[in-house]
Structures are given as C-alpha cells and as structure tokens.
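Enquirer: Residue-level listing of the chains:
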Amino acid sequence: MSLDKDTVKKLATLARLDLPEAELTHLAGELSNIMQFVEQLGEVNTDGVAPMTSVAHMTLPRRKDEVTDGGYPERVLANAPDAMDGFYTVPKVVE
Amino acid sequence: MSELTNLTIADARAKLAKGEISAVELTEAHILAMEAARGLNAFVTETPELALERAREADAAQQKGEAGLLSGIPLGIKDLFATEGVRTTASSKILENFVPPYESTISANLKKAGAVMLGKTSLDEFAMGSSNMTSAFGPVISPWKRKSNSNAQLVPGGSSGGSASAVSARIAMGATGTDTGGSIRQPASFCGIVGFKPTYGRCSRWGTIAFASSLDQAGPMTRTVKDAALMLQAMAGHDPKDSTSANIAVPDFAAAMTGDIRGLKIGIPKEYRPDGLSAEISKLWDDGIEMLKAAGATPVEISLPHTKYALATYYIVAPAECSSNLARYDGVRYGMRVEGKTLDELYAKTRAAGFGQEVRRRILIGTYVLSAGYYDAYYTKAQKVRALIAEDFRKAFETVDAILTPTAPSAAFGLGETNDDPVAMWLNDVFTVPASLAGLPGISVPTGLSSEGLPLGLQLLGRPFDEETVLKVAGVLESAAGFKATPNGVEI
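Protein chains in written order, with the numbering used here: chain A, 1 to 95; chain B, 1 to 492.
Quick caveat, the hints were computed from the structure, so don't treat them as lab data.
These numbers come from a predicted model, not from an experiment.
Just so you know, even glycine gets a beta-carbon here, dropped at the ideal spot from N, CA and C.
Accuracy of the hints is not assured; some may be wrong.
Some, not all, of what chain A presents toward chain B, calculated at C-beta under 10 Å [said to hold, decoys possible]:
| # | residue |
| --- | --- |
| 1 | Ser2 |
| 2 | Leu11 |
| 3 | Arg16 |
| 4 | Asp18 |
| 5 | Thr25 |
| 6 | Asn33 |
| 7 | Phe37 |
| 8 | Glu39 |
| 9 | Leu41 |
| 10 | Gly42 |
| 11 | Pro81 |
| 12 | Lys92 |
Please take these sequences and the hints and turn them into a complete structure.
Expert: So, in structure tokens, the structure goes:
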C-alpha cells in the first residue's frame, strides 16, 4: 500500500495536525514504507481466529453508577491555557 | 561518586534500619550525584528540596519504627507518571508546563512505601522511541563509553532512557519505567542494569500518561534483581481506578528468589535466532543457557511460530491506540495552546506545534489503520495475529516454566549513528515486543559485555502473573553471570 500526498493530507486533517506542504511529501514516503512493512501480516492465515480484545482475560469490573469524585472545578481548570469564570474557552463556534 | 550512591536498595535498607546511615545523608549523596551528572540529561525536572523533605520524613518514620518497604530510598520517577504539584511532561512540548493536580497510583504507592523522589526522568516523547532521542528536552546520554572511542556519545535506549541512565550512573538507586514494546527492558540492556516489566495488569496505569493502553505497563529499573523485586513489591497491587488492574493477591516477590531452579524447564525459542543475529549476541545467549543448565534447569528448544509477525502487529496496534489516546491534547483543557480563528484551526495548530516528528508519524499511522475502509484490513487483522502470538506463548508454557532470549539485537548505538528509517529503529524491539503483545512478565538481566565493552542483557519471560518464577530464574542468572562492570566515572 502506497500513500500519496493527498491521502496524508486527509489523514492530517482527520488527526487535527496542521502540517506544512513540505512535510506532507516527506511523510507520504515514510508512511508508505511503514505500511509496506506491515503488509506482511497478509501472509498469516487468521481464518476463524477471534481478534484479541483483552490482554489479561478478565471480565471488566462493575461498580454502582454514582458520583465518587469531584467538586473542585478550580483544580480541574488549573492547567487550562485560557480558563474564564469557571469554564474552558474556545474560539466562537456558533455564528 | 560515593560509597552511598553505590549501595543496592537491599543494602541501603539494612543500613537505614540499623541506623548506620540516615535517609537524609543517602539522599544528599544522590542529589550531589544528580548535579554532577547533568551532562547525561537524565532528568527533565530535578526535585532536590522535595527529596530532602521526604528523606527527613523517612528518618522520622525510621525512628518511630514505622519505616515502609522503601523508606528513605532515593528513586527517579519517569516523567510519564503524574506527580501532584510537580511538572509532568512526557518529554513533550505539548505538556511542557503541565502540573498535575493528582498523583499516579504508582508514584503514590512508592511514596506510601517511604521512597524519596529525586526528580522526573527523561524519556522518548510520550514513550515513543527506542533511543531517548525523541525527547523534546534533548537526548539522554548513556554513561557508558566504547573502548575504541570514548568520545562518541551513546544512547541509553528508550523509552525509559533517563531512568536507565540515572540508575546505571549511580544517580538513583532505582527508577520507575514503563514498557509498551520494550521500553523498560531494552534501555536496561543498553545500560547494564535490571529492568522488569511485570504482567499486564500487575501495576495500575492510573495517572500514567497513556501511549498504548493495551500494552503499557509500569515496572522497576534497578541494579540488582533483588532490588527489582523489592521495588515491584511497593508498586504492584489492585487499583479500582484502573479497570484493567488485576484483582489478585501480590506475592512476596523477594521471597521467590530461592536460588533453586533445579528441575525447571527453560524454553529456548528457535525463532529468536534469525540468520542475521550477531555472533556476539548468539554467544551471550548460549552462555546464559549454560549457566541455567549448570544450576540444574533443563533447556528445551521451543517454537513460537508467529514471532516474525510481532513487530508488524505492534506497529499497527500501538499507533492505533496512540492516535486515540493522544486525541485528548486539544489546546483547550490543559497543555500548550496555539490560537486559531476556528476551533478546528486551534486544535490543528496546537497539535502540530506541540507534538514532535515521531509522535506525529505514529498518530497518522494510527489514524490511517483505524479509518473507515481500512479498519478490518489492518487493525482487526493485527488483533487476530496478536491472538496467535499470545497462543504461541500459551502453548509453550504448557511445557516450559520460563523462556530465555536476548533482550536486544545489539549493544547501545551512538547518537546520530542511525539512519532516518523508522522501521530500522523499530528492530531494536524485535525480542521484546512479542511478550508485550501477549501481556507477559519479562525481565532483562545484564550478563555480559560486547567487544566494545558495552553491556548486553538477556531476557527471561514467564507465564501471566508468575513474576515469581521469572525473578527466581533471573536471580540465578544474575549470580552466575556475575556482571560487575560499571560505566565511565563509576568505580566500585
């Protein structure tokens, strides 16, 4: 599988990475090499094999659906680059 | 370099308990060593004042007869573990100024056991790398030098390179690492120390910055196997805050090191001896087999037929999980922010500026293999091959008790000696990745030196949650190998 520059551009948009044109070209080559390397998995017969979903073979634990933590908005917002009045801020999203 | 910085954790505990040394003395010696070795760039953030405060508390606890398992022991904490009030960066620009308001379970457990944190050790950015060259705060240097050229700076391996370098250089008595595809074991091998990745689920992942959640596992990096057992004892245990943390009892790890491995069967996987394996590594491995045989164990040739597909599987699964996990860095809630006219522009500009090259590359691969139309062909396929790799191990462990392999295909390489091909760099992890995919415990023990005088390690793997057998065999291997070499500037 070879990835062209347009595909990489589309991936970068999906991943929310604003990459310069020059890097897109470079990445197209690198990502193509990587995808060629992983192509070898095609050789493996996986008919009837269930994909691994849990490493430790255990059932996920359950707990009561209740609030167990919280009540400190100032700590939650402490690392926000631009918090205001107890809220996170973003550029205007509604016209 | 003082006598105090050369002690093992086990010896220091005994001296502290007898009152021969104080935790403050021990900590001060390590702080001096940390300052003297700044050229290694092993720490992103040093916390000497906090260390002395904890050391005073440890001395007080010792007086009262309330000393914990690691009371007064100076440790490095990989900068991937969130530490309350202490900057935690994952060696990334995007978290350059992140100060967690909470403590990770692992660092909290160590603190509870009385350990002293010297500082936060450097790593490859978000633990993605095998050289520690991808850190946004510059590469970490190994304290080891080649015989033929003592000017060449060598990498400590990665991603836990700062931890490995610090423990090897006698700056810290031990350090935490995390291992996703070999990030504890490979740097341990490169730096001539012990690195132990326990079974997936043995140590809580809560508060550890996530890279690939189905693979990430914390573990100790120390200078002896016994010290690794002691440190793991303090780190391990069930944590309701991590749903994949195993709710099973934690055994006495140090007690498992009985020195008696008579009758144990040690698997020697033939697939780990590919045609290109260097004669030096091949001999190291053969010597290790002989040592275990001499101690009464029986080597058994085994086959793990899907080994050759492990790296390709890993490089689909790990980037897929990384692209999901790293979606949280959005410039809104914490971390760096680059303003944009729209919300999408803010996201894209922030992430492009905050993530380094290797991280961006892996996010893109992950985005690709998870995207509509490719998900089954890549991600589902990889998870199926992963199941086959795990099955190979399960079958092997029906007949053997542990598996012995080399840890890495070579000794440490020099800074700038590698080419730009990411796939070539990934080959460093060829022997460590399979056990990561299967979630198995694995330890690297230093057992020899390369022709250039650089450390080389052997890896022992065990059954899930059978860290005890791994430690037992590792202890015997360590005694038999008698690895006494020390890096430049360290004399014992």
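Enquirer: Run the structure past the numbered hints and jot down the numbers of the failing ones, going up.
Expert: 1 and 5
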